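**Q** Residue numbers (numbering that gives the first Met the number 0), protein chains in the order written: chain E, 0 to 144; chain F, 0 to 111; chain R, 0 to 183.
Don't take every hint at face value.
Pairs of lysine-lysine, DSSO-like flavour, derived with a Cα cap of 30 Å [stated by the list, open to error]:
| # | chain 1 | residue 1 | chain 2 | residue 2 |
| --- | --- | --- | --- | --- |
| 1 | F | 21 | E | 1 |
| 2 | E | 1 | E | 63 |
| 3 | F | 21 | E | 139 |
| 4 | F | 97 | R | 140 |
| 5 | F | 93 | E | 63 |
| 6 | E | 63 | F | 21 |
| 7 | E | 144 | F | 57 |
| 8 | E | 63 | F | 97 |
| 9 | F | 93 | E | 65 |
Among chain F residues calculated to face chain R with C-beta under 7 Å, some are [as the list claims (entries may be wrong)]:
| # | residue |
| --- | --- |
| 10 | 30 |
| 11 | 33 |
| 12 | 54 |
| 13 | 62 |
Stretch by stretch, here's where chain E covers chain R in the computed footprint (C-beta under 8 Å, at least three residues) [claimed, not checked]:
| # | stretch |
| --- | --- |
| 14 | 54 to 65 |
| 15 | 143 to 157 |
Everything labelled a hint here was simulated from the structure, so no lab data went into it. Values in this document were obtained by computation on a predicted structure and should not be read as measured data. For each residue, glycine too, the CB sits at the ideal point set by N, CA and C.
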Amino acid sequence: MKGMSSIVKKITQLLSGMIFLYGIYIITHGHLTPGGGFAGGAIIAASLIILVLAFGGDELTVVKRKEGSSVTESLAILAFLLFASFALIIGTNIFFHNYLPEGIIGNLVSAGVIPLYNILVGIEVAAALFTIILAFIIYKEEISK
Amino acid sequence: MTLFILCFVLFLVGLYGVLTRKNIIKIFIGLSFMEFSTFLFLVLIGYIEGGIAPIISKNITNPVYVDPLPQAMVLTAIVISLAANAMLLAIAVKIYKKYGTFDIRKISNLKG
Amino acid sequence: MEIILSIVLIFMIIGALFALHARDLLSALISCGIVGYGLVICFLLLKAPDLAIVQIVVETITLIIMIAVVLDSTRHELEKTAIEKKWKSLINSKALINVLITVIIGIVLLYSFRLAITHLNPFGEHILRMSEAYLYGGADKTGSANLVTGVLFDFRGYDTFGEATILFTAAIGVLTILRIKGRK
């Protein structure tokens with residue numbers, strides 16, 4: 000896949016990191032402000048997508064990236080399930096029980112396991128959307144040959 | 000009342016698109032219109048006049064919050080519709096590779 | 000409030016009608032964007048900022064995928080073929096039956112919509128029945144200031160888990176459908 004002009008590449012380099020940081024902020028403050036795992040994950044996926052669209056890269060690197068994001072996605076959803084079933088061992092015998100202390104409402108470290116769920120779902124959504132886009136790009140590459 | 004009726008009209012526009020268009024991409028567009036109208040209808044039900052967004056804050060006395068339950072439901076529905084759209088588009092790409100067109104009148108190999 | 004929302008909704012309906020009737024697929028997709036971003040404005044006016052953030056990002060990503068699908072293909076809709084014209088003349092002979100069926104279906108749909116509406120509270124006067132416990136006890140139980148996140152990850156964790164599973168399955172499905180070369 001061919002990249003774009005050098006102006007687009009430079010602007011993308013400058014912007015992509017900021018979009019990534021904004022996504023991380025949305026995820027980690029999901030229990031205090033509007034947002035959460037789904038919105039932040041989609042924003043992180045968008046920051047990765049504009050990097051791929053602007054810089055391109057040959058087929059091998061794209062395939063390698065797809066393998067990595069697919070594995071990340073699987074690991075994230077496995078960790079989500081493990082966290083949920085951890086409550087069966089530690090807390091009372093309830094699936095999805097909030098077993099960590101709640102803390103003070105409004106602090107960054109509060110709300111028990113909800114921030115951890117937010118982070119895991121954010122990783123999962125970002126990796127899934129990135130995998131879907133990369134699958135379309137690889138398909139177009141193989142068709143055009 | 001007018002808002003509910005307008006929402007229903009948007010749903011009917013999507014249904015019209017699904018039933019009458021001949022292009023696969025346009026059928027997907029009609030489906031997404033039906034999804035949008037359903038999301039909007041669910042959120043419209045939960046709105047309370049003069050309410051604020053459901054985020055707890057200590058500074059406000061006697062707050063009136065809008066209903067958080069439809070918002071949580073619609074949040075899951077939006078991401079599910081994204082997943083379904085991605086699957087449908089992948090199938091459309093495959094169909095384009097096999098038949099060379101998006102037109103459903105040409106894709107009639109199943110006719111007996 | 001109601002007037003502004005009605006104006007945005009009428010704008011969305013016009014955009015939807017244009018998207019369904021555009022000759023070029025690219026302009027149809029861009030008009031589809033009118034409806035999606037209009038929905039974002041509606042969510043913001045209805046005091047649902049979480050939904051607005053999610054919808055604006057999801058709409059952008061869907062548009063990117065759709066444009067990537069459409070861009071290299073034949074974008075213009077086909078002209079009506081001879082078979083289509085034959086069908087058209089056949090349909091014209093049965094025009095009365097078709098109009099009758101359409102009118103009957105429209106009346107049935109409108110009647111069922113009216114039945115569904117009459118049991119709802121009018122717009123803006125929603126009475127909390129089920130979510131009262133979530134609103135007034137939820138913050139103390141979960142410790143989360145954002146009540147939507149509290150409902151999503153604590154009270155209805157099963158829903159969220161199922162949704163994450165659906166997204167995972169969709170990614171696997173897209174990979175499977177679009178694979179050309181098999182693994183050696």
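**Q** Each hint should be assessed against the structure and marked as holding or not.
**A** Hint check results:
1. Proximity of residue 21 (chain F) to residue 1 (chain E) is assessed by CA-CA distance (about 34 Å); at most 30 Å being required, the pair is judged violated.
2. Annotation: proposed proximity of residue 1 (chain E) to residue 63 (chain E) holds, straight-line Cα distance about 17 Å (limit 30 Å).
3. Among the hinted pairs, residue 21 (chain F) with residue 139 (chain E) is consistent with the structure: their alpha-carbon atoms are about 25 Å apart, no more than 30 Å.
4. Proposed proximity of residue 97 (chain F) and residue 140 (chain R) is contradicted: the alpha carbons are some 55 Å apart, above 30 Å.
5. In summary, the hint linking residue 93 (chain F) to residue 63 (chain E) is supported, as the alpha carbons are separated by about 23 Å, within the 30 Å threshold.
6. Restraint check for residue 63 (chain E) and residue 21 (chain F): not satisfied, since their Cα atoms lie roughly 38 Å apart, outside the 30 Å limit.
7. A threshold of 30 Å between alpha carbons decides the hint, and for residue 144 (chain E) with residue 57 (chain F) the separation of about 61 Å lies outside it, so the pair is violated.
8. Pair hint residue 63 (chain E) plus residue 97 (chain F) holds up; C-alpha atoms about 27 Å apart against a cutoff of 30 Å.
9. A hinted pair counts as satisfied when its Cα atoms are at most 30 Å apart, and residue 93 (chain F) with residue 65 (chain E) qualifies at roughly 20 Å.
10. Evaluation of the residue 30 (chain F) hint against chain R yields a violated restraint, the C-beta minimum of about 11 Å exceeding 7 Å.
11. Here the hint on residue 33 (chain F) is broken, as its CB sits about 10 Å from the closest CB of chain R, past 7 Å.
12. Because the smallest distance between the Cβ of residue 54 (chain F) and any Cβ of chain R comes to about 5 Å, under 7 Å, the interface hint for this residue holds.
13. A cut of 7 Å between beta carbons decides the hint on residue 62 (chain F): the least distance to chain R is about 10 Å, and the hint is violated.
14. With 6 residues carrying a beta carbon less than 8 Å from a beta carbon of chain E, the stretch 54 to 65 of chain R meets the three-residue requirement, and the given coverage holds.
15. For the stretch 143 to 157 of chain R, the proposed coverage by chain E is satisfied: 11 residues have a C-beta within less than 8 Å of a C-beta in that chain, meeting the threshold of three.
The structure fails hints 1, 4, 6, 7, 10, 11, 13 (numbered hints given earlier, in ascending order).
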